Structure formats: structure tokens, C-alpha cells
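Taken in sequence, the protein lines are chains A and B. According to this note's numbering, the stretch in the first sequence is residues -1 to 277, in order. According to this note's numbering, the stretch in the second sequence is residues -1 to 277, in order.
Heads up, a few of these hints could be off.
[Said to hold, decoys possible] Some chain A residues judged to face chain B by a derived CB distance under 10 Å, without partners named:
id: 1; residue: 12
id: 2; residue: 16
id: 3; residue: 144
[Said to hold, decoys possible] Cut-off 16 Å, straight-line C-alpha distance, at most; resulting in silico cross-link-like pairs (EDC-like, lysine to aspartate or glutamate):
id: 4; chain 1: A; residue 1: 158; chain 2: A; residue 2: 251
id: 5; chain 1: B; residue 1: 158; chain 2: A; residue 2: 63
id: 6; chain 1: A; residue 1: 160; chain 2: B; residue 2: 105
id: 7; chain 1: A; residue 1: 158; chain 2: B; residue 2: 105
id: 8; chain 1: A; residue 1: 160; chain 2: B; residue 2: 63
id: 9; chain 1: B; residue 1: 158; chain 2: A; residue 2: 251
id: 10; chain 1: B; residue 1: 217; chain 2: B; residue 2: 189
id: 11; chain 1: B; residue 1: 210; chain 2: B; residue 2: 274
id: 12; chain 1: A; residue 1: 158; chain 2: B; residue 2: 189
id: 13; chain 1: B; residue 1: 160; chain 2: A; residue 2: 63
It should be emphasised that the hints constitute simulated quantities derived from the structure, not laboratory data. If you're wondering where the values come from, they're calculated on a predicted model, not measured in any experiment. Yeah, the Cβ is synthetic: ideal placement off N, Cα and C, and Gly gets one too.
There are 2 protein chains.
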Amino acid sequence: MQSNAKLHAYIHGQIKPLEESFLHISDLAIQRGYGIFDFFKVEQGKPVFLEDYLERFYESAMLMELSVPLTTDALKDAISKLIQLNNLPQSGVKMILTGGYSANGYDPGEPNLLITEQPLVLPEQEMIEKGIKIITHEYIREIPRAKTINYSMGIRLINKIKAANASDVLYQQNGVVTEFPRCNFFIVTQDDTIVTPAEDVLLGVTRKNVLKLARQKYKTEERAVTIEDIAQAKEAFLTSTTKRILPIVQVDDMVIGDGKPGEVTKNLLDDLIKLEKMH
Amino acid sequence: MQSNAKLHAYIHGQIKPLEESFLHISDLAIQRGYGIFDFFKVEQGKPVFLEDYLERFYESAMLMELSVPLTTDALKDAISKLIQLNNLPQSGVKMILTGGYSANGYDPGEPNLLITEQPLVLPEQEMIEKGIKIITHEYIREIPRAKTINYSMGIRLINKIKAANASDVLYQQNGVVTEFPRCNFFIVTQDDTIVTPAEDVLLGVTRKNVLKLARQKYKTEERAVTIEDIAQAKEAFLTSTTKRILPIVQVDDMVIGDGKPGEVTKNLLDDLIKLEKMH
């Protein structure tokens, strides 16, 4: 991240070269992992579904009792200036709000707002065409509705995912699945109902858009999804801002459907790409 | 923390003024709250129970798949130099190991090791003399044996603790209590048995020392402790590096024993202070 000398970031109320963007070590993100963030795509200088992401950013801040130092308009303005200066064809913008410089290493100070922009890394075409294998792990995020910076479990599982020759890890508790560290989970039942977990998940913007698109063609359900439901499913996929929709063809040792990306999944991905372009 | 211009810190392999100690925002502590730490007391330039804390620091690093960039001897040497330079009569030293500068904001880089030293803030005498009130909250830490920097829940509960006019929060799940965000929990039963939770807790160094001291005079048990056990208890207290032993006289609405710090608790605190001085 610090290698790209051309990029700029927003920090301490101003836009600076990314490579000169630092926080003092008394910041509560460093001291106590305390902060929230959000992330959206920018296509040709235009943020995609910006309002949804900003709304969630302020919501996460509220849930973690942090105050965003900018109004929505001022935040939009800062984002706009940063995008213009960096001038990337396709990028991801990340807003981070930390607990701020703490006097005693525990009590929050004035929150620090950071905004960075990076070239967008999309999933490899092969993953979309062949689908991915995922593993499951017993865990539930602590404050699922808030997009906190706490990825202790997800990052600790990176090597376990690699060892299983898998691409991601789906959290489950007592056989009920919830979400990935950075993605939501969907199944397609044998009667073409689109189902996604309702409780203990981050309410993804892509999840919302996929549900909206799905409702135009299929039955949809937001409810508890079990490992047994996955075993019976015709198709499965994940959704995220950068990954859009990725077909899942194997969960632990279970092959989903015929082991290939399904028609409903492909159809929804086509619709999502169209929706993003319309936006 | 950044206000004391005289203090120094260890960062990027060297000792620098604390006020000039910064991490680039690509660090995984800032991006993903990923890191571990430990904290010990220093009395008149001499670390107290240093070996125990260093052992746990390396253990936490291993549990989170982070590699400490210094050997134990080199780490001791850095700590020693920092203590000498800062020259504080009574202090706390904190070692933080982060996930390092991440190229993509998710995969760990080379871990960053920070060491800071601050004047020690001891609990007010009134808390020791009158005991404290605590509340309980349904939660269990994700990786209890690792001292990670993740205090999302603890810090989010600061205002709830204040609103209840309490001093700390004890985590419990389904009526089984575990630990505080930064302290361990003990009860003294009616027959003077010292009991502390065994599972899903950080293995505190003070916890270990108190158990050792308690075994010389009382029966001790490491086992599950329930809310019902607390209701029946004669005394209750918490242990931590800075707080040593603090009597607990109220848990939510339950008054413990006669609502005053108990004799066993006071006795163990006296023994602990003696043990620290001998060390």
C-alpha cells in the first residue's frame, strides 16, 4: 500500500501523499483495535451506490459510540477531491474511523478519520467460471451489524483456508451459517428460491442489491440457513463489493449441486453488473 | 499519551521520542485491528515478573500466527534501554506487536513491534477500602488464551459501566462468568475456598500469583463459576497487573457477603504486595 508514491489519502482533515500518512501509536486502533470502516467501488471517477455505504458507515460509528467528524456532505466532498486527485480508472475507496488518540490507551479520544483509495483488485476470471471451494469455521462476529475493523478471526484463518486449498471461510455456529469475514452467503434451493441468512450478519450493500434483483425473478427468503440446507441446495454463492457474486461449488467436503456454477447464480451476476452500470 | 514530551518509545527497531512514534496507516492494526500485546509493571527500574509476561507475549504471537522480530534476549535488552532512558520511578511497559504494513489491507506483512512506557496509574485507595460495583454482560472473547488488541466490546461498554455507576464489566455466557476486559475474576466461598474460572479466560500473571499465594492458606479451585455461585459467595475480587486485587462488593443488583471487602481478599492483597516486593 505504501509503495504507490502517486496515491493520496485523507488524514487529519487534509489530503496528503499516502506514503506520508501516519497515525501516532496512541491511536486506539493500534492500542485496542478500536474502529469502524467502510469500502465502496469507484468506476471512472464515480462512486457506485455511495449513499448506501455512507449510511452504513455512520450507522457503524453510532453502534460503536464513535462520532464521525464530518457531515455527510463534507465527507462526500473529501471523497470527491481524493478521487479527482488520484485519478484512477477503477478503484476502491476505504473510510476508516478510529477511536482516536487515547490519553490512557483505553478511553477513546477524538476519532481519526482516514480515507484511502486503491486500484481495484477484482476476482480472477477462473474463480467466476469454475466457482470456488470454501471451508466453515465455528465463530460468530461480536457486533455483526457494525462494520468494525476487528478481523482477528478472519486473518488468523488465512493459513487454514490456504491449507484446505479453499478461497474463503464461512462462519457457522451450531450448524447455522452466517457470513464470511468480508462477504455474505446465499443458497439457491431446488425450487429456485434465493435464501440468505437474516441474523448475525453484516447487511452488505451487494447483499441488498442481489436480493432486490432476485425478487424480480425468483422467490427470496431471509432466514436461518443451516449446513443441512447447504447440503440440499442446488447452488450457492457469496456476495461482496469487490467480488460481486462468486459461485461456490464446494463447502468443506460437500459438493454443491453438480459441482459447477449454476444458472441462477450466473443470471444474478449478469443482472448485478447491469445494475452497477445503470447506477 | 502523546503529551509527555520526555518519554521515549521503541519503534521500527530503534528508540525514539514517543511524540515522534507513528505507524503508517497501512498497518494491519489500523486496517483490521490485528495485533497482540502485553503489559507489565516496573518498580524503581526493575520489571516485576518479567519472564511470565514475556512468555505470554510470545505465546499470544504464536496463537495469532505473528512472529516477534526479536529474540527474548534482544527484547529484554530493548526494554532495559527504554526503562533506563525514561527513568520513571513506577511505570507500566506495554509491548504491542501488530500485523505489520499490509500490501492489500488484509494479508499480514512484517510485524511491527512497539514498546511504550507510561507512569503507572494505580487504583484509587477508596476502591480498595470500600470495594467496587461491577456489572455483567453477555459475551465471550474470541480467542481467550491470546492477549489480542481487540477490545471492541470492552470499550463499547465504557458508557454502560458509567451509566450503572459501576467500575467494570464481567463477561458471562449462559450464566457462566469468565473474565473482565482487562482483569480476572475470583470468588471466596462460604468455606473459604478461592475459586476462579478455568475456561475461556486470559491466563493472567496476577491470577497465577494469587492462586499460588492462596494455595498456601486456603483451598483453591479452577472451575466454571456461575452467577448462582456469586450469589452464594462470601467475597469476590478481581485481579490485574495494575489493579493487583480489588474487592468486589456488588455484581449487578447482588450485594456480595455483607457488602464490604472481606478478610480473605484483604489478606491475599497483603500477601501479593509482599510477593511483588520480594521479586
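* **Violated constraints from the hint list, given by number and in increasing order** => 1, 9 and 12
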